[in-house]
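Chemist: The chain contents come next:
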Amino acid sequence: MSSDAIGSAGKRGNSFAHVEAAGWGRGLSTLLRITRMTLRHPWQVTFAIGSTIIAAGLQLAIPQLLGRAVDETQIAFAGGTAGAAAEDTLWTLALVLLAVAILRGLFTMSQNYYSESVGHHIGYELRLACYEKIQRLSFSFHDQMHSGDLITIGMLDLEGVRMFFSTALVRVVLLSILIGVGAYLLISTDVVLGLVALSFVPFVAWRSSVTQLRLRATWLDLQERLSVLTRVMEENLGGIRVVRAFAAQAHEMLKFDKASKNALSLAHERVGIRVRNTSAMTFSFFIAMGLVLWVGGNKVMAGEISVGTLASFLTFMTILQMPVRQLGMMVNSFARASTCGSRLFGLLDLDVAIKDAPDARPLDINEGTLRFENVDFAYPSQESRPVLRGVSFEGRRGETIGIVGPPGSGKSTIAHLIPRFYDVTGGRITLDGQDIRKATLASLRKAVAVVQQDSFLFTTTIENNIAYGDPWAKERRIERAAESAQLHNYVLGLPAAYGTVVGERGVSLSGGQRQRLSIARALMLRPAVMVFDDSTAAIDAATEQRIRASMKKYAEDRLTIIVAHRLSSLMHADQILFLEHGEIVERGTHEELLARGGRYKALYDLQVRPGDEMLGEFGAAQ
Amino acid sequence: MSEELETERNDVREDGRRPPRAVVGSHRIEEEMFGKAFDGRVVRRIWAFVSPYKMQVAVSVAAVLVFTGTQLVIPLIIRYAIDNGMVVGSPDPSALGWAVAAFALVILINYGASFVQASVVGKVAENMLFDIRRAMFGHLQKVSLSFMDKTEVGRLMSRLQGDVNSMQEFLETSVLSVGDIVLLFGIVGVMLWLDFRLGLLTLSVLPVLFIVRIFWLPLARKAFMAAHVTNSVTNGALAEAIHGVRAVQSMDRQQVNFTLYDDKAHANLRTHLTASRYAQVMVPIVDSLTGLAMAVVIVVGGSMVVNATLDVGVMVAFLFYIQRFFDPIRSLTMQYSVMQRAMASGQRLIEVLDVEIDVKDKPDAIALSPQMDGSVEFRGVSFGYNPKHPVLKDVSFRVNPGETVALVGPTGSGKSSAMALIHRFYDVQQGEVRVGGYDVRDLTQESLGRQVAMVLQEPFLFTGSVFENIRYHKADATREEVIEAAKAVGAHDFIMSLSDGYETGIEERGGNLSLGQRQLLSFARALVADAKILVLDEATANIDSYTEMLIQKALVTLLQGRTGLVIAHRLATIRGADRIIVLQNGQLIETGNHDQLMAEGGLYSRLYNLNYASFDDIPDAELEAAVEGGSQT
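Chains as they are written, first to last, in my numbering: chain A, 29 to 650; chain B, 74 to 706.
Next comes chain B alone, as it looks inside the complex (with noise of 0.2 Å):
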């Protein structure tokens, strides 16, 4: 590496130029937040969710809409006092009575109406919000690996909480767009009623809104979606300063990436005051309309009046209407927008929910016996993921109970795959996984699941207690049972070093202790487990030798009175088993135990005598000759 020209490094240029591969937050690729305003399809599956409530909906509905007609009614009861209690000439002296009285009519039902109609939509709500997502974590649980495997798990929880959200806004939403719906037509039909012509001047202010409306909202919506575009942007370049600081400072990037900062935040800030600018620019509109229908109503209806063409009251009662129409213009806009984010959340909660189950129990499924014998054997299996390129080619064996056997071979050759075809996390493409005795297709997934306990490579911890995860196969394991397995793995040492032994909480995916303890834990676990049949991802990556050590003479109290499937890197490990099955390419090449192999001088023999510590660390130059060597012969 030679030295070339050194460049100040880091630094923003003096004209202001930034360096060109400085980069802060990354650039958020936003999923589509509006669909279709309404898409039948996807209402049509969504009131699945919402049929269990109709009764709830049904009521909601009715109590709106009484809501909305008391809301109508109160000018009507106050144009009555006015016309017969209180005009100049013959006022009605019970005429303020009955007004009065009906006025305290109304309001307790409105009282009644709004109460009902508010909690009963709030709760339903609340709890379609939890149905749905119920649903979906349920469906989850059961869909095949293959789904898991290649999809994010930040993206299924954005399924999960943004989108189901997004849903339970629309359903309360759209009870209240039903109310001011009516109120709307409810108000111009009342204004007509009492007066045709001066209903007719006044209610002209009402397409002038909706146009200018019509007009802003892609604007505004625009505005809006940029302000929020560059908020979550700002937002992920702080949280990446956060997780990445220590990198950060050990390479003094702090200079650079405040600029960089500073760029991402100024333009949050040129965004939000544009959007602030769109929300704002309604108002003098929506004043002003109401100032030209005030005026309106002053001069023509005034005139009426002192022509004796139109009663006071009247006048009174279109002035409350004006100030109540634009209410339900400016909401129902705004409801138009929760109902198309609702459609495209909608469309995305329905994929998933769509997402096929491949692995299901049959109908007359059995239960796999705790008294089964232990054996596995393979019978002619051939797998792929993709079906034309398949990772197994028939392939056959049989573990015997009580037997260790050793999966040998090189990266690709179909390990990882055979073993979880053991616990059906896939299903086969040809011949069958025996259990037992029973192929694992007859066989019901719990009771198999039961029986086959798996130590996977990168050993996951959940978040509780030490004492809560290795009893997590059997909720039901003493205090006693965890000690003593824990024990037999050679992990109750360092528990007990732990702050608080067994009570010790776990961090997130186990942060707090090195992979080797997390792998002593794993390995407690499925002891606490006691399955018949143990399958184990062997870990390949370095652990201190202290902590191997212990790991190694965990596995064999692990084994004892097990049949074991152990994908193996080791060599000590691979010398142990009572018998070595070498995979290349998918096919079994060779089987037998470690001497009997090395007699045979095969692809294992081969690999063998590299000297490796493990088969992992030999390189892939030495690995290709020793696997042509064996074409060779």
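Next comes chain A alone, as it looks inside the complex (with noise of 0.2 Å):
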């Protein structure tokens, strides 16, 4: 970010201000709490609509001007006035026209220009707003929501919702002036003509609202399809080996077909309807024009209207033609607005469960010691099956505990209790004697770090990556860190070594590199408590020897917990836990356990020495 960012960040006064805006209005409706937003920000919006009025007037005014110039010359040819101040007349009419239509331009500029301002400006709020709740919300949230939901929310829908102020209220105020103040004109004028002029109206209007609503449904089911579209796509070619190995090819045109002929049948069922509905209202707007030239032809004839009158009729029906057209989609701009709206205030209103207590204050950490005193937890979208059950146990600095036990037994739910990515249902968890969630949430999260079991690469370079955690680390940290991780050689490989842009575009790494780099991560941290949450899988043992080796000293200063299913991975610790059922049920040092012959001596037996009888029946198999 260059300077010119910050510069501009003094300008924009406090974001968060912004963000605490956007969760006014609670339990209002959807479609007041977006227009209380668009009040944030009065002069715009007096701008917008001050402007569409002035605009939508001096529109109404062009056709009068038209007809009086027509009626001029008419008076003029019939002898009515002298030619020379015919021509007066003329151009003083022709001089107000140009000054009307100049003035018409400026502020239809102003009114589009402003109203699209308070959209950008509203877009602008919701989007930190967005962000930072997504940012804030507890992990259980983020476990049962779809992050493709999520990215819908904070893109479509907000596109929804910023749109409203420009697309529908600026709209109304347009169209209620236009079909408003111009029927007053025409019927005030001849009640007939104006009658037959405007009765286009209606049908338009109705016709264009019901188009709009149905294209709106046609094209979300649309969407839907597409999707699956994508995604048998994406499969495909993402999974291409696994095609050809069953020489799928086919099979897969097949698939390919049918989702596209499902989309293609919906994408024609669309056009066909926007086609009626636009041939529709665009024959409806002419027949009704056939009429005024019928009607007023006569009333000309019989001397009732002049040509003039009839001229401006015509003038103020092309003028009205596209406003009224577009009412749909200012219905559909209502109907999107309030269905956008309610999902993202929906989400800006959730509570965050996982955050500050009130009277929170930051952990004062001397012997960072941890304790599980009597620890219950279920997930809470499963508070009926306790994934953990009375888990007790204490580690200190230096100390290195070991977390074992079969798929499902609760090992990774301790190490996300630690930090609190979740809460314990019951019992509690204390650093040095107080309970965390009493601490503030940032002072715990500096002083326990985890190495989590699928690590995210943010796209950026392997430098970034690695002081994710500590963005200010000078360059020797990073790659000392990398080097206790073993991904130091590795990096110096990569084309532009510690500069090389990793993640989703850029250079892919393999499970173990992504495990070994979150390893530096973790390292760069210093925390109190450091947690493995079986993040050595994916790297072979020998390696893990080596990083192992190489945190010794590390290690030393704080508590060290490891979740593995490889033993090697935690024969050496202090303490070993076996979890099974979210109990502990064996625990002590590795030699202890072996000793002890129970189900530790088991899963040891079975990693380090391949069954024998296993390998019989294999043999036997051939």
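These aren't lab readings, by the way, just hints derived from the structure by calculation.
Values in this document were obtained by computation on a predicted structure and should not be read as measured data.
Take these hints with a grain of salt, some might be off.
A partial selection of chain B residues facing chain A, derived with a Cβ cut-off under 8 Å [claimed, not checked]:
| id | residue |
| --- | --- |
| 1 | Lys109 |
| 2 | Asn157 |
| 3 | Gly158 |
| 4 | Ala177 |
| 5 | Leu178 |
| 6 | Phe188 |
| 7 | Leu276 |
| 8 | Gln327 |
| 9 | Asp335 |
| 10 | Ala338 |
Note that the Cβ used here is the ideal one computed from N, Cα and C, for glycine as well.
These two chains come separately, so use the hints to put the complex back together.
Modeler: Following this line, the structure appears as structure tokens:
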């Protein structure tokens, strides 16, 4: 980010005020809430609405002026005025018309610009609020929410809300003036002709609203069908080796065709809806125009109205045509803002389950002792299924605790409870005697580092990824962390070494390399408690050995907790906990547990000496 | 790791400085969005997709012309009605009647033409979109795997979606441009025909608009592009926050990220406001020019009417035309951008469609019969992805029907390539690969695929139910067959423990299953395929010991009665094989069963004696030493 960004940062004031403002008006109806957000920009709203009113007024003046001009020529032609006087009048009319046209242009510009500007500002504020909320919502929320749905809310729904002011509110003003004042002018000039000229309005308004709503409904359906098609293609291309391995190309083409036809038929249907509608609207407009010509023509012949009046009626109709057709879009904007807004505000109004208690204080760490005291836990989505039951243990600085057990025994859950990714449902967890729920989250997460099973790579350089938790870090420290994690040599072999971009749109790393990167990342943090959550599964045993050796000194200053299923990862621990169905069933050192001859011993036998009876079976089958 | 000076981690400094290493979102490298406005090569290739719809396109162009014609005629009818039916002096009472009748006829034609044009073009464009996409997708099913290996899926998807969509947009607008051009020239012509002098005077404002737009367009486009880029950057940062939320929270980066995101969102706000200014500045210009043209008609035309050198109806018709004649200019300049975008997209589409297909069926290829013996033979095979750097050098071996052979060797020894050749993912440069006694190049790929089942190291599952995935290869497999296969590989129990049993939906790429479970499903899938030959790449990643045991048992079942080639990593698997083939640097260096190889004392025995549970666990240093040992003897 350049100094430019920082300069503007000063001008944009307190961004958190925007976040707060987006939370206003809980319980109000969605549209009211959006309207209320727009009012945070009173001047822009005033300019937008004011310009709209003036522009619409000027717009209405144009047919009148044209009609006057035509009439002047007729009167002069018939000898009613002298040639020179007629020319003067024409000049005046022309200049007034030119001025009106220019002003109308300027005010329309101002109307459009300010109404878009209000929308962009609201969009900006909502983006910030959305981002902030998503960052703060706890793991249990993200576990249950599809990331795709969140992206839809943060991008598409936000768009629907942002557009509400310019495509719905401002349009209401514009249309009511054009139609209302226009109708008054027409009807006050000639009741019958006015009614005939306006006869197309209700029909077109109704048609376009109905059609827009139908198009919207089918649009959602079409997106659904297209996403099926996308999935078919994406999976095929991603799994192309499987497709080829099973010679399944024909099968895949069938899948593609099915999804494709399904979408195509709806796309055709939508073309039909749209075309029928536009043609009908144009037709009804022209019918009205034909009627005006017929009725008006007769009135001109009867001398009831002038040719100029007829011309101004016809011009007025052409002016009214577009806005009336867009009435449907306006109706659609209301519908869209209402549904999009309710989803968006639904997200923004969510309570964050895990946050600082009102009296939270920063952790004060001296001893660095972690205690689990009779901890129970169940995931919020499945409260009836306890994952941990009465788990108690204690670890001190310099110690290593190993946690092992069958899949689903609750090993990883323990790792997730320490930094409060979830809150315990019973008992408590303390660090140096302080309940972690009473500490500030920021201080807790600085004190506890978790190396995750599946580490997320950000699309940026390797060094930025390693320094993710300490973005002010110096280069030397980053390299040292990478060395300890046995990543340094690999990184030096990359095209731009530490400057190589990795992640979704960069170089892709193997599972093992990613895990090593995330170990390096955790090493940058200097936490009091370091938790490895099955984070070496994809790293071969020898490299893991080297990582452990290089971390020996590092481990002296903190408590290390290793969750793993590979016993060689945790055999050396000071204390090993064997977990089964959420309970600690065995605990002790490696030697003690082997001597005990229980579950740990059985697992050890299975891993270290592949059972001879299994080999026998394998041989027998041949 | 010594303790260094503790900085206030994470925070944005008081002077507003952002942490030097903190970024959110990535800077997307945008592809070229605009190409030449017209690229003959692209148009010719795309024409191939249009030509099946030649008739429809011709009809819609005709309809557009008729439609435009009716638009031109309407003001003329009004003019006729006024001049002949209403003017002061000698109104002809029947003229109005005729005019209204003509009007009715014209709007009926207009209705029909617009209906035909819009629906035909709309549907053809949709069809073409799907046709192009299908052609590309079908082509990608056949192109060489080396192309697929080096091309990101995301990139291909943007070809199949974004680029194809802009071709659709192109077809729709090019038909409309025909109408716009005709309308523009039509209006100019009619105005000049009605009154040459007044027409010329009025039309003099047109070039002004043209010139303004020419200067405006590049600037405006730059502003629009900037808005587009900041928008995708901001959205990218949001997507990253969503996907990486756990990492963000565990490293307590929320605060910094919020500030950085704010920078991006605010930049996005600014570019959008700028783009909006550019878009809106045209409004008063067009309005002023329209006003000017009308003023000219009022003053000049009005005087002419007064002096009886112009009919009042003509004046009214002029006023009507003026209100219309900026529309085609506006839409034509828009369509210019659409064309450029379409050319750039078309170029990229052609690149995909032109990727060569290396592996093709011979014209007289024969189908491999399921009754073949199931033997696999390599005869003097040399192969390299780049022929200059062969990964297999003169490799020969034979696997007899029903035999299980383990392929063993250090990383990069050519094991995976050998496996890919059996399936003819690539063609050899020398020698031949024979399956069931035939050179694989003489067989149809389809029949070869049916007889060679593959299990890949990273099991890939498709969205759909567990049931559908297991019978992926054999779409008509019954439920009994599927369950039987799942039971045979020991997957039945865990499948039944899933929420909906066999009907449980597999999430994207099998995200709701563990690696071991996915492995078991892919075994079941191979078992249902019931091919004579099974080629299997054993997973190297660690799987929890319980599942691992199941997998080992399943392997035994799977290999029963089949010829098996296993790239083996685990000693248990290797020892159980009938024969072991040791590869090193693309050459076959040892072959025999475990006992024989141990007795020989070559690379295999040295690796084995290092006593690791898996060859992949052997540290590089020790591995090198073992390999060195071999070259010394």
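Chemist: Work down the list of hints and note, for each, if the structure agrees.
Modeler: Tested hints:
1. Lys109: violated, 28 Å
2. Asn157: Not OK, violated: B/Asn157 not within 8 Å of chain A, min 10 Å.
3. Gly158: holds, 6 Å
4. Ala177: holds, 6 Å
5. Leu178: Since the shortest Cβ distance to chain A is 10 Å, the answer is violated.
6. Phe188: Holds, about 4 Å.
7. Leu276: Hint on B/Leu276: violated, closest Cβ of chain A at ~17 Å, above 8 Å.
8. Gln327: With a closest approach of 5 Å, the B/Gln327 hint holds.
9. Asp335: At about 5 Å, which falls below the 8 Å cut-off, the nearest Cβ of chain A leaves the hint on B/Asp335 intact, so it holds.
10. Ala338: holds, 5 Å
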